[in-house]
Every structure is written in C-alpha cells, then in structure tokens.
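> What follows is the residue order along each chain.
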Amino acid sequence: MSEDPVVKTVNPVKIYQNGDVPVPAVRGVDLQVEAGEFVAVMGPSGSGKSTLVHMLGGLDQRTSGEIWISGKRADTLSESKWALLRRRGVGFVFQFFNLIGNMTVADNVELPALLAGASPREARQRREFLLGELGLAARADDPPARLAGGEQQRVALARALAHEPSLLLADEPTGNLDTRNTRDVLRLLSQVHKKGQTIIMVTHDHRAASCADRVISLLDGQIVDDAPIPAARRGPRRNAGDVIELRG
Amino acid sequence: MHVIHSGNVTVNTQCDYAPVTEEMGVRLPLLALLAKEPAHGYELKQALEQTFGAAYPSPNIGQIYVTLGRLEKDGLIRAVAVEQSSRPNKKVYFLTQQGREALIAWADGPLEGPRLRDEFFMKLVLAPMTGIADRGALINRQTRHFLGLMRELHHLSETTSPDDRYAHLLIEGAMLHLQADLDWLERCREELT
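Chains as they are written, first to last, in my numbering: chain Y, 1 to 248; chain A, 1 to 193.
Because the hints were derived from the structure by calculation, they are not lab data. The beta-carbon is built from N, C-alpha and C at its ideal position, and this holds for glycine as well.
Footprint (simulated), chain Y over chain A, 3 or more residues, beta carbon under 8 Å:
#1 143-156
#2 173-186
No farther apart than 20 Å at their CA atoms in a straight line, the calculated lysine to aspartate or glutamate pairs in the DMTMM-like style are these:
#3 Y:K194 x A:E158
#4 Y:K72 x Y:D30
#5 A:K36 x A:E49
#6 Y:K72 x Y:D4
#7 Y:K195 x A:E158
#8 Y:K8 x Y:D75
Taking the hints into account, I'd like the entire structure generated from these sequences.
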C-alpha cells in the first residue's frame, strides 16, 4: 500500500452549461482525504456537493483542475479506464439505486466482487456478511423489484461495499430511508469504517453526518468549513436519562 | 446553557448533562405513580426505574423522601404508618383528591412547543456589529459543537439496550431537535455570510 491520500483534488472546477449561461457548480474545492477517513460533505442543495462526489467517481467530467485517486491522476482517464478504476477501487452508492432487475439480490451484490477478481466463495461470504448486517439475508433470492425502496437502498449499499473498495462514495445514502433503515445503513457504514474503509458521504442529514469523523461544508461550490467532529467524550457512564431534565 | 423546553421535559443538548433531578423534577412522576396505587418511598424509586428504564435520570432515595415530604405538606398526598413486625413502621403514601386534581390538570394542559432559548442568535446578530467576531466563524464553531453533541447522542443510542424503547425515543427526540438547530445554522450561513 502506498501512503498517497485516497483522494486529492487540485482546484477542480465544474461549470454546467445552461443554454448560453454557464453555471458554476464547483469552484475550486481543494480536498485531501487520507486512507481510513470517514468524511461527510454537507451543504444546502445547489452547493455542489453531489457534483463534487460525482467528479471524484468519474461520473461527471471536471471542467478544469486535477483529481487524484490513490496517487494516480484520474481526471484525464478515458471513460473505460474510469470504469476499470471504479471496478477495482471505488464503490458508489446513490440515492437511486440502479439495481439490475433480472438478477437476484444476492447476484447483484456478488457481481462487483466477482468483477474485481474475488473467487465465487469469497464473493458469497462477503455478500452473506453484508446482507446479514443490513437485515436482508432473507431477501437474497428475490429480484430487486420485490423489495421495498428502503430495502433496495440497502442492497445498493451492500453492492457498493462488495468488492471492498479502497474508497466508498455515497451520495445521500440515507436519502429515502425511514428512521430504522437509516440506522441500519449508518451502523454498517460505521462498522466498515472501523475496519478501515475510507468513506466520502454526501448528505443533508446531520444525524448521518455525525457518524463521520470530519465534516466539509460547501456553499456555492466552495468549502466554507472543513473540520473534525469533536470525539464523543469519555467519562462517567451516561445514559439516556442524562439527556433530559425533568421539571415539575 | 442551550436548553430546549418542551413543556415539563427539557431536552438538554448541552454537553454538561448535569444531573438535574431536583425536587421539582420528581413531583409529577411520583404523583402519577401514587395515582396507580399507594406505595412507600423505596417502592416508588423502583417503580420509577422500571417505568422509564434508562430514560430517567434516576433520583436517589433521599430526593424521593424530600419530595414526598413536600407533596404531603402541599396536601397533594398523605401518609399512613404501617406497622411492621420486626422493623420500624413504614410510611405508605397515597394520593389525595387535591393531588389527583393537580395530576389531571397537568395531564390535560397543553404543553408549550419547543422553544429556543438562543444565546447564539444574539451573538450572531450582535457580534459583527461590534467587530469582535466573524459570522462565518461563529456559525462554523457552533455547527461543529452541535455535530459533536449529535455524535454523543449516536454513541448513547448505540450503547442503550434496544429493548429500552422509551430511552430510544427520548434520544431520537433530542437528535431531531439538534438536527433542526443544525439545519437552521445552515440557513443562517446561506442568508448571512
């Protein structure tokens, strides 16, 4: 393993063309993410946060600037080279899940692992672990269409993690989920993060963001804050009762 | 201190979860328990713990006796001494009519909505005028602090038994309040910086 940062950007700019009007979505976001970091990217809608991770995953071409993934220049790659990079090293989970409809849930999850070179046995074990963690073991043989939206979202997360990517990009991974499903997704993210998974997650949900250990706030395509979240304090054992104050 | 009031339950989003089970905080729960059946002090302490699980900043027995004394003085409860064969008499408390009315008035009354007692808002408005602080920096600092609190609540949620539903609902409520505060900070940033 090299000690290069997993992600490094140098003044990346993305300008969309809206008719004759250029619309800058990202305006020079210098960013460095080290291996093992869990970074949340926040900001109001239109702040450029989704565009930023799409560029990091090669799904959006940058207008100018540089993007480096694990020490390799990525923004100059061709589409097919990007696809190869994603297959090997980047997992992507979106708000909309794009599961393959005519394959079972299990096959959807195992596929990326197999494409990345895992043996069928490894792929199956990884799939069983991930679906188990997300409470979906019983749905393994179903087609995705038979699952509820929240379940499909969790399958998409399992798929993104199947090949143990060195970088997980997540765009609003809890966007459509209810409280319980959100909790399952966040628990899994925290768990793989503890095992060293690097994660960049775009979210507007502060509860989700607080699982990260660093939060980057964007506004109008620029970083307005980039700071670690203060660690939970150790100290005397607390319980839920300490959260409230009862008055007569 | 940043405290959000919701009727008689106050969600304390500040770090220093001070044990705030003062006498007043124990009054209504005790009245409610006595409305169910007469009980002595130690039984009441156990019933509180059983009812609320981790969702109650468990009071010590001393606090409970002090509160029972005051409720008795206020005419809301009364005590009778029950003889015990080999030990001193024990006091069994029961609810008076006046106590029942007080409890019903509390249960029927509407609660004030959550209210922000927000010192931060004052800072945000006043600080730039005086030139002592930058708004963006103020918002950043407050946001980080709230995210830290949110993280603590997450931690709390993970370490609280899944069976303790009241505790989880309480934590979730605190998180949602904090979420609203953070969303509002984001709005402040959009509008003011």
